[in-house]
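Protein chains in written order, with our numbering: chain G, 3 to 113; chain E, 355 to 468.
Just so you know, these hints were derived from the structure itself, not from any lab.
Any given hint could turn out to be false.
Unchecked claim - Derived DSSO-like pairs (lysine-lysine); straight-line CA-CA distance at most 27 Å:
#, chain 1, residue 1, chain 2, residue 2
1, G, K72, G, K28
2, G, K28, G, K58
3, E, K368, G, K100
4, G, K105, G, K71
5, E, K363, G, K28
To be verified - So these bits of chain E aren't anywhere near chain G, every CB distance computed over 12 Å:
#, residue
6, P362
7, Q371
8, Q376
9, A378
10, E384
11, Q391
12, G394
13, G417
14, S421
15, T424
16, L432
17, L433
18, A436
19, Q439
20, V467
Backbone N, C-alpha and C fix where the C-beta goes; we use that ideal spot for every residue, glycine too.
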Amino acid sequence: SQQGEEDPQALSIQEGENATMNCSYKTSINNLQWYRQNSGRGLVHLILIRSNEREKHSGRLRVTLDTSKKSSSLLITASRAADTASYFCARSGGSNYKLTFGKGTLLTVNP
Amino acid sequence: NAGVTQTPKFQVLKTGQSMTLQCAQDMNHEYMSWYRQDPGMGLRLIHYSVGAGITDQGEVPNGYNVSRSTTEDFPLRLLSAAPSQTSVYFCASTSTSGRGSEQFFGPGTRLTVL
Chain G
3 SQQGEEDPQA LSIQEGENAT MNCSYKTSIN NLQWYRQNSG RGLVHLILIR SNEREKHSGR
63 LRVTLDTSKK SSSLLITASR AADTASYFCA RSGGSNYKLT FGKGTLLTVN P
Chain E
355 NAGVTQTPKF QVLKTGQSMT LQCAQDMNHE YMSWYRQDPG MGLRLIHYSV GAGITDQGEV
415 PNGYNVSRST TEDFPLRLLS AAPSQTSVYF CASTSTSGRG SEQFFGPGTR LTVL
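Working from the sequences, and respecting the hints, build out all of it.
So, in C-alpha cells, the structure goes:
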C-alpha cells in the first residue's frame with residue numbers, strides 16, 4: 003500500500019503565487035523526500051528532510067515535517083511556469099533506501 | 355557521468371512474450387531499484403538490490419524477476435507479459451554510504467502489452 007498521500011491531487015495557480023502541497027503518512031519514518039516529475043520524464047530529487055528535522059530550505063523550496071501529525075508540506079515560493087510538474091513525497095522507513103511514494107500533486111503554474 | 359540509463363525507451367509486447375528491461379548506473383551506487391508508474395498513481399516498488407548478488411522483493415514483484423551480477427547493472431525481466439504490466443518503468447539508484455540520500459532516476463521505459 004502507498005503510505006505517502008499528497009494533498010491536493012491537483013493545484014492550479016498564477017505565476018508569482020506560492021504553491022503549498024501536503025503529504026501525510028501512516029508509519030514512522032527515517033526521512034521524507036520530495037521529488038518532481040515533468041511530464042513524460044523521470045523523477046528528480048528536490049529535498050530530503052530527516053525525522054529529527056522540522057524545516058529545510060533550498061532556494062525557493064521550503065519543506066516542513068511534523069512527525070507528531072505524520073505530515074509534511076512543500077512550499078514553492080514565487081512560482082514560475084517552469085515549476086509546472088507533478089510533485090511526489092516519498093518516505094523512507096525501516097530501510098534508509100527503500101522509498102514509498104504517494105500519488106502526487108499535479109501543479110500547473112499559469113503564465 | 356551518464357547517471358542512470360534505461361533501455362529501451364519504448365516497447366510493445368504481445369501477451370505471453372518475454373523481455374528484459376535494462377538499467378545501468380555509473381555512480382558506483384550500491385542500492386538499485388525498479389518501480390512501475392501507472393496513470394494517476396505514484397511509483398510502486400517492484401524489486402530492489404542492496405548490492406551485487408543481493409536482491410529482494412518490493413510491493414508488486416509478481417511477474418517480474420531481477421538479478422544483480424554487477425554493481426552497475428540491474429535488469430528487470432518480464433517472463434510472460436500480461437496487459438496488466440502495461441506501465442512506465444523507472445530504475446533508480448542511490449549510495450548506501452550515508453544515512454539515507456536522494457535517489458537518482460532513469461528516464462523510464464514505456465511498456466505496452468497487447
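Hint check results:
1. G:K72 - G:K28: Satisfied, since the Cα-Cα distance of roughly 7 Å is no more than 27 Å.
2. G:K28 - G:K58: Given that 27 Å is the threshold and the Cα spacing comes to 21 Å, the pair holds.
3. E:K368 - G:K100: violated, 32 Å
4. G:K105 - G:K71: Holds, because 19 Å separates the two Cα atoms, which is no more than 27 Å.
5. E:K363 - G:K28: violated, 35 Å
6. P362: The claim holds: E:P362 sits with its nearest Cβ about 15 Å from chain G, beyond 12 Å.
7. Q371: Holds: least Cβ distance 24 Å, greater than 12 Å.
8. Q376: Non-interface label on E:Q376 holds, nearest chain G Cβ at 15 Å vs cutoff 12 Å.
9. A378: For E:A378, whose nearest Cβ neighbour in chain G is about 14 Å away, the distance exceeds 12 Å, so it holds.
10. E384: violated, 9 Å
11. Q391: For E:Q391, whose nearest Cβ neighbour in chain G is about 9 Å away, the distance does not exceed 12 Å, so it is violated.
12. G394: The assertion about E:G394 is violated, with a minimum of 7 Å to chain G.
13. G417: holds, 19 Å
14. S421: holds, 19 Å
15. T424: Answer for E:T424: holds, closest chain G Cβ roughly 18 Å.
16. L432: It holds; E:L432 is separated from chain G by about 20 Å at its closest Cβ, greater than 12 Å.
17. L433: holds, 24 Å
18. A436: Holds, since 22 Å exceeds 12 Å.
19. Q439: holds, 19 Å
20. V467: The assertion about E:V467 holds, with a minimum of 19 Å to chain G.
Of the numbered hints given earlier, the model fails hints 3, 5, 10, 11 and 12; all others are met.
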